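Visitor: Okay, here's what each chain looks like letter by letter:
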Amino acid sequence: MSNRIDQLFAGKRTGVLNIYCTAGYPELNDTLPVMKALQQYGADIIELGMPFSDPLADGPVIQDSSNRAIRNGMSLKVLFEQLKNFREQIHVPVLLMGYLNPVLLYGIENFCKKCAEVGVDGVILPDLPMDEYESEYKQVFEQYGLHLVFLVTPETSEERIRKIDSLSRGFIYAVSSSSTTGKDKDMGNQQVYFERLQSLQLKNPVLIGFGIKDKATFDAATTHSNGGVIGTAFIRALENATNLDTAIQQFVAGVK
Amino acid sequence: MKIAENTFGSKYHVDEKGFYGRFGGAYIPEMLYPNVDELQRNYLAILREPAFQEEFDQLLRDYVGRPSPLYFAKRLSEKYNAKIYLKREDLNHTGAHKVNNTIGQILLAKRLGKTRIIAETGAGQHGVATATVCALMGLECVVYMGSIDIKRQAPNVARMKMLGATVVPATSGSQTLKDACNEAIRDWINNPVDTHYILGTAAGPHPYPDMVTRFQSVISEEIKKQLLEKTGRENPDYVMACIGGGSNAAGAYYHFLDEPDVKLIAVEAGGKGVHSGHSAATTQLGKLGIIHASKTLLMQTEDGQITEPYSISAGLDYPGIGPLHAHLYETGRATFLNATDDEALQAAYELTRLEGIIPALESSHALAKLGQVAFKPDDVVVVCLSGRGDKDMETYIRNLPGNTGGNV
Ligand SMILES: Cc1ncc(COP(=O)(O)O)c(C=O)c1O
Numbered sequence: 000m001s002n003r004i005d006q007l008f009a010g011k012r013t014g015v016l017n018i019y020c021t022a023g024y025p026e027l028n029d030t031l032p033v034m035k036a037l038q039q040y041g042a043d044i045i046e047l048g049m050p051f052s053d054p055l056a057d058g059p060v061i062q063d064s065s066n067r068a069i070r071n072g073m074s075l076k077v078l079f080e081q082l083k084n085f086r087e088q089i090h091v092p093v094l095l096m097g098y099l100n101p102v103l104l105y106g107i108e109n110f111c112k113k114c115a116e117v118g119v120d121g122v123i124l125p126d127l128p129m130d131e132y133e134s135e136y137k138q139v140f141e142q143y144g145l146h147l148v149f150l151v152t153p154e155t156s157e158e159r160i161r162k163i164d165s166l167s168r169g170f171i172y173a174v175s176s177s178s179t180t181g182k183d184k185d186m187g188n189q190q191v192y193f194e195r196l197q198s199l200q201l202k203n204p205v206l207i208g209f210g211i212k213d214k215a216t217f218d219a220a221t222t223h224s225n226g227g228v229i230g231t232a233f234i235r236a237l238e239n240a241t242n243l244d245t246a247i248q249q250f251v252a253g254v255k
Numbered sequence: 000m001k002i003a004e005n006t007f008g009s010k011y012h013v014d015e016k017g018f019y020g021r022f023g024g025a026y027i028p029e030m031l032y033p034n035v036d037e038l039q040r041n042y043l044a045i046l047r048e049p050a051f052q053e054e055f056d057q058l059l060r061d062y063v064g065r066p067s068p069l070y071f072a073k074r075l076s077e078k079y080n081a082k083i084y085l086k087r088e089d090l091n092h093t094g095a096h097k098v099n100n101t102i103g104q105i106l107l108a109k110r111l112g113k114t115r116i117i118a119e120t121g122a123g124q125h126g127v128a129t130a131t132v133c134a135l136m137g138l139e140c141v142v143y144m145g146s147i148d149i150k151r152q153a154p155n156v157a158r159m160k161m162l163g164a165t166v167v168p169a170t171s172g173s174q175t176l177k178d179a180c181n182e183a184i185r186d187w188i189n190n191p192v193d194t195h196y197i198l199g200t201a202a203g204p205h206p207y208p209d210m211v212t213r214f215q216s217v218i219s220e221e222i223k224k225q226l227l228e229k230t231g232r233e234n235p236d237y238v239m240a241c242i243g244g245g246s247n248a249a250g251a252y253y254h255f256l257d258e259p260d261v262k263l264i265a266v267e268a269g270g271k272g273v274h275s276g277h278s279a280a281t282t283q284l285g286k287l288g289i290i291h292a293s294k295t296l297l298m299q300t301e302d303g304q305i306t307e308p309y310s311i312s313a314g315l316d317y318p319g320i321g322p323l324h325a326h327l328y329e330t331g332r333a334t335f336l337n338a339t340d341d342e343a344l345q346a347a348y349e350l351t352r353l354e355g356i357i358p359a360l361e362s363s364h365a366l367a368k369l370g371q372v373a374f375k376p377d378d379v380v381v382v383c384l385s386g387r388g389d390k391d392m393e394t395y396i397r398n399l400p401g402n403t404g405g406n407v
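As given, the protein sequences belong to chains A and B, one line each in that order. Terminal number for the first sequence in numbering that gives the first Met the number 0: 255, no gaps in between. Terminal number for the second sequence in numbering that gives the first Met the number 0: 407, no gaps in between.
The set of hints was computed from the structure by calculation and includes no laboratory data. None of these values were measured; they are calculated from a predicted model. If a hint is listed, it holds; no wrong ones were tucked in.
Subject to a maximum C-alpha distance of 27 Å in a straight line, what follows is the list of computed DSS-like cross-link-like pairs (lysine-lysine):
(1) K162/A to K11/A
(2) K137/A to K286/B
(3) K16/B to K162/A
(4) K286/B to K76/A
(5) K212/A to K182/A
(6) K137/A to K76/A
(7) K229/B to K73/B
(8) K11/A to K255/A
(9) K113/A to K286/B
(10) K224/B to K73/B
(11) K112/A to K286/B
(12) K214/A to K35/A
(13) K16/B to K137/A
All chains, full assembly: derive it from the sequences and hints.
Guide: Here it is as structure tokens:
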């Protein structure tokens with residue numbers, strides 16, 4: 000069990016905190032400092048966004064952070080440069096999250112190889128269809144020890160959840176409501192869905208994402224799951240920060 | 000409409016997985032899965048219902064005014080030394096081919112129990128056609144439109160509002176068709192139960208390219224009948240159409256796809272010139288990629304970011320191309336040309352003065368290439384005149400040769 004995601008869940012089954020940040024945001028060279036601060040103040044997993052010009056599943060806040068990162072000069076090439084020696088300083092699991100187009104152009108095999116080289120543990124590609132992953136790319140991902148994490152939503156049928164569970168490695172990303180990122184949908188009436196997911200006794204741990212912004216929403220999401228993912232709220236905190244380090248410290252303290 | 004035919008197995012039709020060759024598919028995030036899956040599983044069965052076909056045919060006839068005429072353009076034919084026929088989609092209710100698709104999709108949406116309709120629009124023709132069918136059926140309608148297009152197609156924005164639609168400006172990216180489409184898809188993600196997305200071109204995730212193509216295939220179905228009446232043969236030598244996402248072209252080609260003697264010519268928007276950095280000629284500038292959940296040819300940077308396209312015509316200002324057309328391009332089944340802004344404008348002024356027809360800027364791109372194909376005098380050429388030019392009057396007047404003089 001060499002993948003850091005598996006190691007983490009082997010020791011910690013509740014309240015796992017995964018924080019998303021767009022690579023190259025707010026400034027191009029903030030990627031590493033932001034990751035370091037996240038680790039220092041207690042994030043269990045870091046999800047690095049690979050910025051894309053047309054992020055269909057994202058709301059305005061993450062769109063803006065992506066556009067800014069692209070304007071800053073961020074690309075997959077630059078990102079892998081920045082991540083070259085990051086494992087000397089960062090030991091928490093790191094996933095790359097983004098859209099299929101830039102990865103396809105980079106080359107799937109090339110991409111997986113680079114991830115393995117620098118020490119990335121997993122990937123989230125919401126627009127990669129399960130069937131295509133299974134028939135064309137699964138082998139490459141596995142060859143490089145890279146976990147691919149799939150999403151489920153309140154609308155996903157049990158049969159499909161089971162299929163997703165069988166293909167996912169690391170954890171399953173449960174979207175709390177059918178929405179783009181950053182929508183303020185009420186988490187209260189999602190409890191039934193969280194309970195249903197829990198009752199399925201999936202082989203993978205489940206992290207809940209979309210709509211978590213503070214301690215109350217984090218606790219609500221993690222009562223019936225292994226943890227939660229925070230994205231939009233964190234980007235917002237960075238957006239207005241005068242000092243990144245203090246902003247990150249305050250943000251993480253406010254959730255845990 | 001011959002919707003019932005089983006086309007699987009034909010080289011130029013969609014396969015069971017939603018692909019045309021290596022193009023197509025449904026690269027959607029899980030949040031869209033229930034909506035897209037529902038469509039994939041139901042669209043063919045619904046399209047084949049006799050009651051559906053009857054309602055569709057009746058509305059196309061009595062409401063849209065079909066069949067649209069196939070007009071022999073005598074003076075244009077003399078000029079280009081061939082027998083040129085114009086398929087008059089400009090005479091449809093609402094002024095373009097777009098309404099063929101919105102009638103089909105609104106009937107489908109009703110059968111799926113949807114109560115809210117969303118759409119994207121570029122030139123505003125698809126937005127107007129969607130707002131129109133929503134008024135007809137009494138359904139709520141929200142249309143996303145790029146901020147730049149809202150300015151350059153003002154008459155259509157006014158029409159949509161009068162028809163009761165809410166027009167929402169898309170302010171991200173290039174603020175044109177691509178961004179309007181992004182916003183419509185995001186809306187659909189956020190409204191997974193009651194909403195149907197009436198996509199306006201032969202692009203997007205499967206089944207849209209095939210579904211839109213089938214609704215538009217009435218164009219070539221009619222061309223065949225009308226040509227037989229007028230010339231004694233069903234098949235022309237050439238079919239020419241402009242390509243934004245590719246719905247009017249797909250409809251005009253459909254019944255000729257498997258007739259190798261019929262040459263298919265597609266005209267993309269060259270903008271200020273293919274290599275000027277201001278163009279929307281996707282097959283010339285694009286590489287394999289994914290846009291709006293479809294694997295197709297796509298204009299993108301070397302880092303895989305989607306490029307902002309440019310065309311004087313809002314309806315062709317799109318950095319991708321429907322997967323059918325990417326396949327027709329790659330297999331060589333269709334020949335791809337492109338027309339610049341200026342060539343399209345000149346073609347519009349020419350048609351107006353030779354035939355008394357003011358075409359849409361989009362359609363003018365197809366007309367602009369009549370002089371570039373080596374026709375023989377007996378060749379029968381059908382040009383899909385996809386829309387009328389009312390919406391473009393401001394652009395036409397502003398660019399009139401001699402400027403303020405008013406004489407073309
Ligand atoms: C009149 C007209 N023709 C053509 C197009 C291009 O679309 P498509 O390629 O789907 O036919 C548009 C789009 O707005 C249009 O309004």
